[in-house]
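Enquirer: The lines below spell out each chain.
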Amino acid sequence: MPLLNQQIQDEKDYSLVASLDNVRNLSTILKAIHFREHATCFATKNGIKVTVENAKCVQANAFIQAGIFQEFQVQEEPVTFRINLTVLLDCLSIFGSSPMPGTLTALRMCYQGYGYPLMLFLEEGGVVTVCKLNTQEPEETLDFDFCSTNVINKIILQSEGLREAFSELDMTSEVLQITMSPDKPYFRLSTFGNAGSSHLDYPKDSDLMESFNCNQTQVNRYKISLLKPSTKALVLSCKVSIRTDNRGFLSLQYMIRNEDGQICFVEYYCCPDEEIPESES
Amino acid sequence: MKCLVTGGNVKVLGRAVHSLSRIGDELYLEPLDDGLSLRTVNSSRSAYACFLFAPLFFQLYQAASPGQDPLRCKILMKSFLSVFRSLAMLEKTVEKCCISLGGRSSLLVIQLHCKYGVRKTHNLSFQDCESLQAVFDPASCPHVLRAPAKLLGEAVLPFPPALAEVTLGIGRGRRVILRSYQEEEADSTVKAMMTEISIGEEDFQQLQAQEGVAITFCLKEFRGLLSFAESANLPLSIHFDAPGRPAIFAIKDSLLDGHFVLATLLEPSPHSPELRQPAPPLQAPSTPHPDDFANDDIDSYMIAMETTVASEGSRTLPSISLSPGLQPPCNCGPNSEEENEAEPSAVPGTPPPKKVGAEVEAGVGRPGRSSLRNSLPPVPVPFAVLRLRPGRGTLPPGPQPRAS
Chain U
1 MPLLNQQIQD EKDYSLVASL DNVRNLSTIL KAIHFREHAT CFATKNGIKV
51 TVENAKCVQA NAFIQAGIFQ EFQVQEEPVT FRINLTVLLD CLSIFGSSPM
101 PGTLTALRMC YQGYGYPLML FLEEGGVVTV CKLNTQEPEE TLDFDFCSTN
151 VINKIILQSE GLREAFSELD MTSEVLQITM SPDKPYFRLS TFGNAGSSHL
201 DYPKDSDLME SFNCNQTQVN RYKISLLKPS TKALVLSCKV SIRTDNRGFL
251 SLQYMIRNED GQICFVEYYC CPDEEIPESE S
Chain G
1 MKCLVTGGNV KVLGRAVHSL SRIGDELYLE PLDDGLSLRT VNSSRSAYAC
51 FLFAPLFFQL YQAASPGQDP LRCKILMKSF LSVFRSLAML EKTVEKCCIS
101 LGGRSSLLVI QLHCKYGVRK THNLSFQDCE SLQAVFDPAS CPHVLRAPAK
151 LLGEAVLPFP PALAEVTLGI GRGRRVILRS YQEEEADSTV KAMMTEISIG
201 EEDFQQLQAQ EGVAITFCLK EFRGLLSFAE SANLPLSIHF DAPGRPAIFA
251 IKDSLLDGHF VLATLLEPSP HSPELRQPAP PLQAPSTPHP DDFANDDIDS
301 YMIAMETTVA SEGSRTLPSI SLSPGLQPPC NCGPNSEEEN EAEPSAVPGT
351 PPPKKVGAEV EAGVGRPGRS SLRNSLPPVP VPFAVLRLRP GRGTLPPGPQ
401 PRAS
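Listed in order, the protein sequences are those of chains U and G.
Numbers 1 to 281, taken from full-length UniProt numbering, label the letters of the first sequence in order.
Numbers 1 to 404, taken from full-length UniProt numbering, label the letters of the second sequence in order.
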């Protein structure tokens with residue numbers, strides 16, 4: 001891409017330079033966490049992590065590892081900035097979000113450093129679009145302190161099995177109750193809506209269940225409005241890992257295969273809604 | 001009540017619920033000895049629908065627990081529909097569906113057993129209710145059309161989705177004509193297009209109606225039944241009488257039958273002169289059940305829809321009676337004075353009048369003004385509305401207020 005290179009006089013001036021032959025490998029992953037306007041980006045030599053938060057209760061992280069990019073350089077570590085995710089996604093799909101087969105949009109992304117805009121050079125069929133996105137002061141992100149040593153229960157499911165469940169969630173219910181247990185009902189999703197309650201049970205020996213490691217019965221409730229946006233990641237993913245720790249915090253990890261067959265991860269953390277009295281659980 | 005539906009029948013049940021959901025907001029579920037009945041009526045009482053699934057439709061059918069009276073219930077259509085929302089999913093993943101009522105919990109429990117051992121349990125809250133029963137008799141209708149649902153489905157396909165009513169009639173050469181019905185007051189953008197489909201007599205399995213007869217009814221409800229009948233590949237019979245009298249749409253096979261009863265407009269559209277026929281002579285009052293409405297000659301235009309009462313006499317009155325707030329202006333019908341006398345009035349502080357359909361009486365004689373749509377405001381309606389009333393003996397004791 002000689003044209004693109006001309007516009008960047010000296011790459012040493014940039015704290016982040018990344019280029020990608022297929023912009024959809026980036027935009028798809030970002031869409032999976034696009035439930036708020038703004039996102040915070042962290043770039044290290046391993047890749048880019050983009051974080052979106054809501055209500056101090058839920059956090060979504062998308063990891064785009066360096067290997068996904070054809071070129072990836074980070075000068076100082078870590079490069080951190082906040083950006084309007086809606087605008088970023090609009091720019092990334094400026095040539096259309098569902099391109100004609102056989103045509104790919106290439107991307108070169110440059111960031112000069114604190115106070116500078118994020119520059120996007122998008123090229124398709126010889127046409128180049130240059131976008132400058134103002135960056136914002138990075139905000140401190142939540143630390144959920146979700147540590148794998150504290151994980152009590154862990155289930156890996158094929159996403160197919162959860163997709164329909166999430167798309168049909170009874171949104172008149174305020175919470176989604178997740179039961180994970182070494183005994184029946186093993187894994188249960190419950191809602192309590194206007195029309196009544198619904199329970200969705202997955203047996204542990206189901207073909208959808210890739211792995212089932214539950215040590216202790218846990219019943220936790222999560223605000224359904226906070227979890228619903230994770231459906232975006234769910235529909236893109238092939239597998240999902242569901243973990244809860246000793247405090248009832250929930251981690252949902254989605255494995256997403258991009259168009260080139262590479263694997264990326266999107267992760268959602270969510271706080272439990274409330275303590276459930278013993279009698280109810 | 002307990003029943004088990006398996007395989008493709010789950011989808012059939014789902015489709016029936018979808019077509020019922022086009023009509024009413026509440027679903028009446030009643031286990032009978034001859035099968036499970038699902039019924040609904042729309043808010044303006046101009047459409048009623050019922051499906052009866054024979055015991056053979058189910059792998060297991062138990063109308064009531066041994067030694068108990070069968071329960072019946074009324075639930076929100078929306079909640080029942082949500083269980084069967086995705087027909088594709090029903091077909092692809094659901095292996096069996098178990099519906100039970102009146103177990104330990106006072107809930108309607110619907111369990112879907114899906115692929116991979118996944119089990120969905122919906123516990124829906126319900127209300128006790130009386131049996132919802134429209135009184136109608138297809139045999140009393142002089143005109144009958146019967147055709148494969150596919151033929152009729154394709155015939156209504158070209159009509160715009162926003163079109164509310166359609167006129168069905170027999171034209172010259174005994175061709176069956178379907179035409180978009182337009183209100184006189186419709187604005188010009190709606191009037192800009194008129195669609196008419198004409199089908200030859202030979203495509204009908206039965207055509208028992210003379211040239212010139214025509215009725216106008218709601219398309220939305222008709223489409224609902226058609227899509228069910230098409231998927232089940234069943235012929236659809238349309239039984240009808242003079243304009244203004246309800247039309248009965250029926251499907252039947254060995255495992256199920258379905259009846260939709262739709263109100264028809266009192267007058268054929270003035271735009272269809274060749275379909276018009278002289279106004280039907282007013283017949284002597286012929287209410288299906290002689291009762292306190294017998295002196296009300298408007299009754300001959302109505303279906304009396306009776307809500308029978310369960311054995312307990314202490315049951316509350318049917319919740320399907322209209323609220324007393326729907327008293328229409330009463331200066332427009334030729335019979336209005338008479339009507340007023342017959343109607344208990346809504347005096348504040350007294351029991352609400354239990355007779356419903358008052359807006360119909362008031363509206364007779366003003367044809368072609370309003371539409372049949374569900375969202376009917378409580379204003380005069382120019383056609384017969386299904387009449388719902390409590391069964392005899394259910395009126396509360398105490399003075400019945402009468403208009404002075």
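Keep in mind the hints are simulated off the structure, nothing from the lab.
Glycine residues also receive a C-beta, built at the ideal position from the N, C-alpha and C atoms.
Do not take every clue at face value.
Stated by the list, open to error - To give a feel for the contact side, a few chain U residues facing chain G, derived at Cβ under 7 Å:
| id | residue |
| --- | --- |
| 1 | 28 |
| 2 | 195 |
| 3 | 200 |
| 4 | 207 |
| 5 | 211 |
Enquirer: Which earlier hints can't be squared with this structure?
Expert: Going through the list in order, the structure violates hints 1, 5 and respects the others.
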